[in-house]
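Novice: Read in order, the letters of the first sequence are residues 1 to 268 in this note's numbering.
Treat the hints with care, since some could be wrong.
[Said to hold, decoys possible] Cβ-Cβ distance ranges computed for the label pairs, FRET-style:
| # | residue 1 | residue 2 | range |
| --- | --- | --- | --- |
| 1 | Cys246 | Gln48 | 33 to 41 Å |
| 2 | His239 | Lys27 | 40 to 48 Å |
| 3 | Ile46 | Arg111 | 22 to 30 Å |
[Unchecked claim] Straight-line Cα separation of at most 27 Å, DSS-like style, residue types lysine-lysine; simulated pairs:
| # | residue 1 | residue 2 |
| --- | --- | --- |
| 4 | Lys150 | Lys247 |
| 5 | Lys102 | Lys27 |
| 6 | Lys202 | Lys251 |
| 7 | Lys102 | Lys90 |
| 8 | Lys65 | Lys90 |
| 9 | Lys192 | Lys150 |
| 10 | Lys65 | Lys150 |
| 11 | Lys27 | Lys90 |
| 12 | Lys202 | Lys234 |
| 13 | Lys15 | Lys202 |
| 14 | Lys102 | Lys15 |
| 15 | Lys15 | Lys27 |
| 16 | Lys192 | Lys251 |
| 17 | Lys247 | Lys202 |
I should point out that these hints are in silico values taken from the structure, not numbers from a laboratory.
Note that the Cβ used here is the ideal one computed from N, Cα and C, for glycine as well.
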Amino acid sequence: MPELPEVETTLRGLKPWLVGATITEVKVRQPALRWPVVDNLPDLLIGQVILCMGRRAKYLRLSLKNGSLLIHLGMSGSLRLLSANEPWRKHDHIEVVVHTGKRIRYHDPRRFGSWSWTFNEHHQLTNLGPEPLSTHFDGNHLYRLGRGRKLPVKNFIMSSEIVVGVGNIYAAESLFRAGIRPDRSAGRISLKRYIALSQHIKAVLRTAIEQGGTTLRDFVDSVGDPGYFKQQLKVYGRHGRPCTVCKAPLKLTRLGQRSTVFCNRCQT
DNA sequence: CTTTCAGCCTGACGGC
DNA sequence: TGCCGTCAGGCTGAAA
1 MPELPEVETT LRGLKPWLVG ATITEVKVRQ PALRWPVVDN LPDLLIGQVI LCMGRRAKYL
61 RLSLKNGSLL IHLGMSGSLR LLSANEPWRK HDHIEVVVHT GKRIRYHDPR RFGSWSWTFN
121 EHHQLTNLGP EPLSTHFDGN HLYRLGRGRK LPVKNFIMSS EIVVGVGNIY AAESLFRAGI
181 RPDRSAGRIS LKRYIALSQH IKAVLRTAIE QGGTTLRDFV DSVGDPGYFK QQLKVYGRHG
241 RPCTVCKAPL KLTRLGQRST VFCNRCQT
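Just need the whole structure built from these sequences, with the hints factored in.
Specialist: So this is what it looks like as structure tokens:
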């Protein structure tokens with residue numbers, strides 16, 4: 001599934017081909033995504049120049065003169081860069097063609113993703129916490145915002161108003177590396193441990209971005225390879241199997257309707 | 001205010 | 001073999 005590293009990799013791959021290009025064609029075959037795609041999207045985009053592209057949280061933003069397009073890949077979305085017209089595959093929902101002939105295809109079986117247009121500010125981007133890899137995110141930030149909060153620390157670090165881009169996989173992995181139980185209350189964790197946790201979150205995400213950059217470098221031809229970080233996962237998807245540190249069987253629990261794996265001995 | 005939870009959607013998988 | 005239930009997951013908005 002697209003986590004922050006895949007979104008970042010997608011951005012880096014598409015940018016050179018799209019920034020500065022003029023949109024010549026837009027086809028929406030399936031507008032029923034997370035939110036309905038506006039029906040005049042082609043009119044809004046055709047003839048416009050893509051001025052710049054960026055990422056905020058797990059959103060990709062394409063800035064045009066009149067406004068901007070915000071794309072979220074949801075659970076199963078991917079963007080493929082095509083050099084020529086290709087037959088539409090099942091679950092290909094949207095295509096954007098630019099004047100050079102390059103085209104991007106949006107593919108999303110579960111349709112949890114979104115394409116939203118705005119003339120000014122995207123409301124989805126307000127109330128977002130800092131980027132995890134920025135200097136605005138550190139142990140002090142987590143400690144300060146965690147005071148008085150009773151929810152489990154895993155849910156806390158997965159909240160986008162606290163910090164963005166930490167999904168279920170990376171939350172579990174960084175908590176294991178920091179030795180913190182995922183069900184511990186956010187308000188009952190020391191500054192020292194939050195400093196360690198923030199550092200592990202950064203390290204895990206950085207590694208995954210590097211891996212994405214390696215495995216998905218040719219994402220032009222194949223997108224969404226889910227195996228890129230798998231070898232490095234120490235807890236996610238490994239419940240019942242031995243802890244890599246103490247060999248005790250890893251526990252499975254549910255927090256906030258999310259499956260959560262942890263080591264009952266190493267995480268306290 | 002904080003926290004919980006249903007809902008969106010398809011494909012994979014297990015049990016019968 | 002096929003059918004049916006369950007699960008997976010990010011994010012929102014409503015309920016508690």
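Novice: With a cut-off of 27 Å on the C-alpha distance, tell me whether Lys247 and Lys202 pass.
Specialist: 26 Å, holds
Novice: Does the structure keep Lys202 and Lys251 at a Cα separation of 27 Å or less?
Specialist: With Cα atoms ~25 Å apart, Lys202 and Lys251 stay inside 27 Å; holds.
Novice: Taking only the CA atoms, is the gap from Lys192 to Lys150 under or equal to 27 Å?
Specialist: Holds. Lys192 to Lys150 sits at ~19 Å (cutoff 27 Å).
Novice: Given the hint that Lys65 pairs with Lys90, test it: the Cα-Cα distance must not exceed 27 Å.
Specialist: 33 Å, violated
Novice: Taking 22 to 30 Å as the hint, is the beta-carbon distance of Ile46 and Arg111 inside that range?
Specialist: 24 Å, holds
Novice: Under the criterion that the straight-line Cα-Cα distance not exceed 27 Å, is the pair Lys15, Lys202 satisfied?
Specialist: OK: Lys15 and Lys202 at ~24 Å, within 27 Å.
Novice: Is the straight-line distance between the alpha-carbon of Lys102 and that of Lys90 27 Å or less?
Specialist: Holds - the C-alpha atoms of Lys90 and Lys102 are around 21 Å apart, at most 27 Å.
Novice: Take a quick look at whether Lys15 and Lys27 sit within 27 Å of each other, Cα to Cα.
Specialist: Within the cut-off at roughly 20 Å; holds.
Novice: Are the Cα atoms of Lys192 and Lys251 separated by 27 Å or less?
Specialist: 25 Å, holds
Novice: Verify the proposed pairing of Lys102 with Lys15, using a straight-line Cα cut of 27 Å.
Specialist: 12 Å, holds
Novice: Does the structure keep Lys202 and Lys234 at a Cα separation of 27 Å or less?
Specialist: Judged against 27 Å, a Cα distance of about 16 Å means the pair holds.
Novice: Does Lys90 sit within 27 Å of Lys27, going by the straight-line distance between their CA atoms?
Specialist: It holds: about 15 Å lies between the C-alpha atoms, which stays within 27 Å.
In this structure, the earlier hints numbered 1, 4, 8, 10 are contradicted, and the remaining ones agree with it.
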